[in-house]
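Student: The lines below spell out each chain.
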Amino acid sequence: MQPSRSALVQMYKQMLTIRRFEEKVAEFLVKGIIYGTGHLYIGEEAVAVGACRAIKPDDYITSTHRGHGHCIAKGADLNRMMSELLGKATGYCKGKGGSMHIADVEAGNLGANGVVGGGIPIACGAGITIKMKGLKRVVLCFFGDGAVNQGVFHESLNLASVWNLPVIFICENNQYAMSTATRIAFNIEDLSLRAASYGMPGVKVDGNDVLRVYEEISKAVAHARDGKGPSFVVCQTYRWKGHSRSDAEKYRTRQEVAKWKKNCPLKRFGGYLLDKGILSEEEMGQIEGEVISSIKQAVDFAQDSPFPSLETLEEDVYAS
Amino acid sequence: MPVNIVKLTYREALRRALREEMQRDENVYMMGEDIGVYGGAFGVSLGLMEEFGKEKIKDTPLSESVIVGAALGSALTGMRPVAEIMFMDFITIGMDQLINQAAKIHYMYGGKARVPMVLRTAGGSGTGAAAQHSQSLEALLCHIPGLKVVMPSTPYDALGLLKSSIRDDNPVVFIEHKLLYSQKGEMPQSEYLVSLGEAKVKRQGTDATIVAFSIMVPKALAAADKLSKEGISIEVIDPRTLVPLDSQRIVNSVKKTHRLLIVHEACGRGGFGAEILAQVEESEAFDYLDAPIRRLTGRNIPIPYSPGLERRTVPQEDDIIQAVSKLVVSE
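Residue numbers (our numbering), protein chains in the order written: chain A, 749 to 1068; chain B, 346 to 676.
Derived from the structure by calculation, the hints contain no laboratory data. Note that beta-carbon positions come from the ideal geometry of N, C-alpha and C, so glycine has one too. All the pointers check out, no bait thrown in.
Derived CB-CB ranges, DEER-like:
no., chain 1, residue 1, chain 2, residue 2, range
1, A, Gly780, B, Lys399, 51 to 57 Å
2, B, Arg614, A, Thr928, 34 to 40 Å
3, A, Gln750, B, Gly392, 50 to 56 Å
4, B, Lys457, A, Asn897, 27 to 33 Å
5, B, Lys457, A, Ile936, 38 to 44 Å
6, B, Ser535, A, Thr785, 51 to 57 Å
Residues of chain A clear of chain B, computed beta-carbon distances all greater than 10 Å:
no., residue
7, Arg753
8, Gln758
9, Glu775
10, Gly780
11, Arg801
12, Thr930
13, Phe934
14, Ala944
15, Pro949
16, Asp974
17, Gly975
18, Glu1004
19, Asn1011
20, Tyr1020
Stretch-level coverage of chain B by chain A, calculated; a stretch enters the list once three of its residues show a Cβ under 8 Å from a Cβ in chain A:
no., stretch
21, 435–445
22, 489–498
Chain B with its partners taken away, still in its complex shape:
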């Protein structure tokens, strides 16, 4: 490993982003449930209270509505709060403040007010936490004009995207995945940013494109590796941010590969995959398609508890391989 490259977990990368931004800008602070001494339910803010003090790392009562609303109010008056909602499922408790207030204010006030806030939250299944602690609710948020929605899949992106989210002048919902927190990845030792709205081609290929985000990116890459041994060349694209969406990069890829599979963990019905599908279908890439666009998504059910059931609810590596195999043989 070169000297200027470091290896950090997703969790450590997020912590580094928070530390760097709090050092850089005195208006940045954090608040949320159990983020202080406890270090956050997933350990992201561990040690930050000792480093920055209780005023900057605020432990809140169990009150999601006021966590979101107070973040909004302080953003409106000059701060840059990073609020944490412990599980994405609990974002629903603060929805009025997020959807009716934070998302609307800039437009509703005629562009004369800004709400530079980040709402960090942990989504996804795979921990045996069942129906109320495992959801992927990004589609609800992507539907709302005024919100930005970020879903990093690697430590590198987690760091660079969180820093950009904190510097953004809009409410950003930053969705982390529980199964990614301990994943390690390389990144420069020096400061860098990843812009919101730039998809990343994770792997070049010629036979089909897979668009995947969050936890589905490593699964898609593993599937693509296996498929390459069978002579199938897959391009994998991670949009990294759903709003704004870099649809051009997806369109360009589909024009090259002529086939598209969209993979996400959330329920398929009304899921963000349908939006990507529609955008590609409505683009110039339509004429290049050699097969119908396919989606591989979570089932339209609550996340069950028992491990076998839970695993079957969301796409796995083998499911991706099967879906691609079907896609590349169809003409």
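Bound-form chain A, shown alone:
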């Protein structure tokens, strides 16, 4: 089912928000305004936005170290996100988590994760809660191609299958686990083949086509909500930026990066919306203005916010 006009516009706006947010983060990483590391989602926006458009606000997601896009697509507040990246008390984790640990459990975001594959078993656990409480929810479990070679991928997809858990496993195949190309780390080209060994549906889609992602994830979500269990969806995409702050990118050619940049998910979707007459150039310009102003507001909010007081240092080690 095609999303409504307003949904399409929202999707475009979210993709653009992720792009501009990450560009600001990249700038702040270079300038040292962001203290720690950051893993940028530029080039992969269609996956988070297409997938999260297919779920409802009370559904869950688990995210990754490259998680800013998932957060924004799940509806996170940019102010609190930027504050967290700047290590401020007003951030999602009160400045204790940083880029790799943004979570908003009440809003269904069970958290980014600093360990590759670390969120996959957690998604199964959320699936158990949904089943045991008789909720009609689903879990979108995002991870990269690197995670597909972690042991927990195997344990979790198998458990989800034998227990029929409502989890959609979404591999963002951005072609590289840090510097290790999928062609080096896998002896199969189509990672979705692995689904067969767990007895669940597996499909590979163009992850730079937001509507194809939306369509496939919607099918998998309907399947899960109907009590038919998990699916594995592999979204083929590309990471434009280096793995993190310190990546010299010796493992890939400029030509390869340029080729993928021509396949920009944002431009493709923007072009589609113009072609179909869903948005005019003028409306797009207006959206761009709104996005830039929301990010400026987030930056101002974060920069005006205080750092956490040292009195909070030993708070929240244990819940009481």
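Using the hints provided, position chain B relative to the given structure of chain A.
Tutor: Same frame as chain A, now just chain B:
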């Protein structure tokens, strides 16, 4: 035996705790390898699947990482799972989910998420199971901020501590000892809890304090009985939970007896005994010490198979008697 007192084994006490908590709170459930029809490798959950059904007593595939991680994920979203790791040695397979995930989430998310889960596991040697099924790995866990570590030595404590662990809002590793499962003990018929972080003075004494936990508690008590016949009066303290540790009760005892021996089964090197020793040494009890604090621990070797070798690897009653005898004569 008074009418309101019952006698149960450690295993039965654990089962009673699980049953009571599952009856009390619909969010409590169990998962683990062979816990259903089989009843768990040590029989703790025997009959619970028949009583509560397969949804509440979940038999899992052999997948420790996802057992720990799925327990975490369901705890994060509103359940109170009790996951079983068959042997403590296998906890290492689920360590990322335990150490990097479960232990960190509350702090890392700024206090806005809770992970109320219990990981039950069987530790310790004495069954001829050798190096990969006999370890006491509590020190690894005590080192990690965010985890609580519980090691009951009696059926009474096993019941009361397991109930408190299930109600706790943090990840709790609950370490049972294989040699204790068939030990019997008395407890009230009516419901009771034992709080985490309260040590118990098992025996009053004046000449020296022994701090022991898990299987070393009955050994220390037996040693103390023998020593009393020689006129040596020993106080035995069981911390019951290592994290949180009731160090004040230990300090108070040392101020009274002026001597301290710490006994545990795990390897001495980097063991929890060193932590207790340091805490006492750094406390006001230091000025009261009449002899250096001593540790009696497992040897720094893997647990061997052959019964004579296995027995020599971990402290026995006679070793405790010898260690105390040396401690009380030194000035």
